[in-house]
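Participant: Start from the sequences and build out the full structure, keeping to the hints where you can.
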Amino acid sequence: MNIVVLVKQVPDTTEIKLDPKTGTLIREGVASVINPDDRLALETALRLKEAHGAVVTVLSMGPPQAIDAVSEAYAMGADRGVLLCDPNFAGADTRATSFTLGRAIERLGREEPVELVLAGRQAIDGDTAQIGPQVAEHLGWPQVTYVQELRLEDGGRLRAWRRLPEGVEEVVCPLPAVATVLEVPGEVRWPLVDRLLAACEDEAPLAVWDAAALGVKAREVGLKGSPTQVRETFSPKGERHTQWLEGSPAEQAAALLAALRGHKLL
Amino acid sequence: MAVWIIEENCTGCGLCARACPYGAIEMEDKLAHITGRCIECGACLAACRFEALASDLEEEPLPDLSRYRGVWVFAEVSGGSPAPVVRELLGEGARLARALDQELAAVLLGHQVEPLVEELAAWGAQRVYLADHPHLARYSTLAYTRVLAELIRRQAPAVLLMGATPLGRDLAPRLSRRLELGLTADCTQLSIDPETGNLLQTRPAFGGNVMATIYTPRVRPQMATVRPGVMAPAPRREGAHAEVVPVEVKPSPQDLVVELVSFTPTPRRGVDITQAKVIVAGGRGCRGREGFSLLEELAALLGAELAGTRVAVEEGWVAPERQVGQTGLTVRPELYLACGISGAIQHRAGILGARYIVAVNRDRRAPIFSVADYAIVGDLFQVVPALIQGLEEGS
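Sequences listed follow chains A and B, in order. Residue numbers for the first sequence follow my numbering, so the first one is 1 and each next one is one higher. Residue numbers for the second sequence follow my numbering, so the first one is 1001 and each next one is one higher.
If you're looking for bench data, these hints aren't it; they were derived computationally from the structure. In this text, a Cβ means the ideal position worked out from N, Cα and C, and glycines have one as well. There could be a bad hint or two in this list.
[Claimed, not checked] Quick partial rundown of chain A residues pointing at chain B, CB under 8 Å, derived from the structure:
1) A129
2) E137
3) P142
4) E166
5) T228
6) Q229
7) V230
8) E232
9) T233
10) Q243
11) P249
12) H263
[Claimed, not checked] Chain A regions said to be covered by chain B (calculated; three or more residues, Cβ under 8 Å):
13) 88 to 101
14) 214 to 226
15) 251 to 259
[To be verified] Facing chain A, according to a computed beta carbon distance under 10 Å, are these residues of chain B, among others:
16) L1142
17) R1218
18) L1260
19) T1264
Facilitator: This is the structure:
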């Protein structure tokens, strides 16, 4: 069977710091990583491959350096990787992104039918959790979100356990389908050094597809294909005026309690 | 084809072919030819020196969006009643509807849910679209998407709000893509641009480090999911009336292909910190259970709930249902007292709605101070006992 795993390269937000003067993100020197939830999706795919035999294709859209994420996914055990990279893809919102990814999955499917698309629940930079369901809609396949465990069954079905706040739902769903993953039982594997070297030395089956390779028009993708637009970005800082309470611990405590009484919080 | 060659002007110089990023222009008989690889990006247009390339690539004029009217709220049902976020959406929706001078409506899907209409009316819905059908008894992505998509196509609302709940975040993207709409996830602030009537949708990104205001100028309805617990709930007006509009449901068996096999409820949580008015929270700086028992003492005096960061939960210092932050819960207490919490963005994302934030930390540069109203640089093992003493003396 053929499994496509969607991965996004994101800044490692555990390392993100704010510029104390401007309150904006300091991006320089911040490492890029595979989005954590996408790593779980890839692990899920690789376990299905080990259990049932499958060809795992990792698919990403991003700037040229996103090939690093695809390479790392290859090093973890994906059979091949495709990066969708084109200046026209830039500035895409989730509609345009899911359209572009959807067209790439359709192209992969013309070579060999794709039975399962796995993605992380959400990316740590945007936190939208929209790409999985939107790709499912593009393909016209059912979706299973918030998956903590997934198995394949005879008869072309998957069985998944969905973690929701009220409890865990066990569902079965016919293939082809899209599933978004938020957890895997046990640990996620590390990349293998020899495969990483192969990817870096252009010896791995990694491809880069541009807009023409997908047969998409400029107006359908990127900023032009995005119904939503960013009007402004700003730092949430500044809404609060921090008062620094100085002195000994007893003085600090007294000042705080006085302030809280002033706000009628005590 | 949006780009074409004007053959009488073409000299066959090949400049356009070299400018094309897609290799989509071929030279044949000293004339340029545009092939099927063309994506209409327009890069060739600037390259031609002989006015031999033309295109109809222009900024399209804004479509007439005036027929889209009304602010809609998706009335998610949870455990037989409207989810708490629905009341918040109606409160916010009423404000937007007033700004637009349009109607506020709720959309209710389910089976035998008509009794909930009264509740939605009391919270300000002037109209309730009611889709009642056995197929809708349990939430199903595909069945709900079909009903909503057909209803939206027919009724053409200007705005559609949903809760950024697990259900809302499963349904909204599916629906928005079916209708090729824009969708802004997890908004914490909404307003109407008085000039254009556009919905301005503000949301945190990078775990709350950056706020972005998004709008959808060319497409209606404008769809947004709204983070639960952020907007003020609608006031309750007993006996308010809403017009009920029954929605015809034409179910399709393909919509029910995802079968529910079993459901294992999570053991009921003892506490719900999202409702707490005062929260005392601890992080890595508490260094262990002893630190937390100190916080517990303080919490008892303040009538507060205890909470913790992801680290504190992973270390077992505090129960998982008390985790605040991106992977935990979003809280909006009157007072949030953060002790020994450095304030990773994932944690700060969960406390932005707090009215007052107090931070106690030894490191003056800790990011938690950037969101604090009151900052105490100091050792919590000295400051917290001083607070406890002060409270005991004061009472």
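Participant: Hints first: check each against the structure and report whether it holds.
Facilitator: Evaluation of the provided hints:
{"no.": "1", "hint": "A129", "in the structure": "holds, 5 Å"}
{"no.": "2", "hint": "E137", "in the structure": "holds, 4 Å"}
{"no.": "3", "hint": "P142", "in the structure": "holds, 5 Å"}
{"no.": "4", "hint": "E166", "in the structure": "holds, 6 Å"}
{"no.": "5", "hint": "T228", "in the structure": "holds, 4 Å"}
{"no.": "6", "hint": "Q229", "in the structure": "holds, 6 Å"}
{"no.": "7", "hint": "V230", "in the structure": "holds, 6 Å"}
{"no.": "8", "hint": "E232", "in the structure": "holds, 5 Å"}
{"no.": "9", "hint": "T233", "in the structure": "holds, 5 Å"}
{"no.": "10", "hint": "Q243", "in the structure": "holds, 5 Å"}
{"no.": "11", "hint": "P249", "in the structure": "holds, 4 Å"}
{"no.": "12", "hint": "H263", "in the structure": "holds, 6 Å"}
{"no.": "13", "hint": "88 to 101", "in the structure": "holds (count 5)"}
{"no.": "14", "hint": "214 to 226", "in the structure": "holds (count 6)"}
{"no.": "15", "hint": "251 to 259", "in the structure": "holds (count 6)"}
{"no.": "16", "hint": "L1142", "in the structure": "holds, 6 Å"}
{"no.": "17", "hint": "R1218", "in the structure": "holds, 7 Å"}
{"no.": "18", "hint": "L1260", "in the structure": "holds, 6 Å"}
{"no.": "19", "hint": "T1264", "in the structure": "holds, 5 Å"}
This entry satisfies every hint, going by the numbered hints stated previously.
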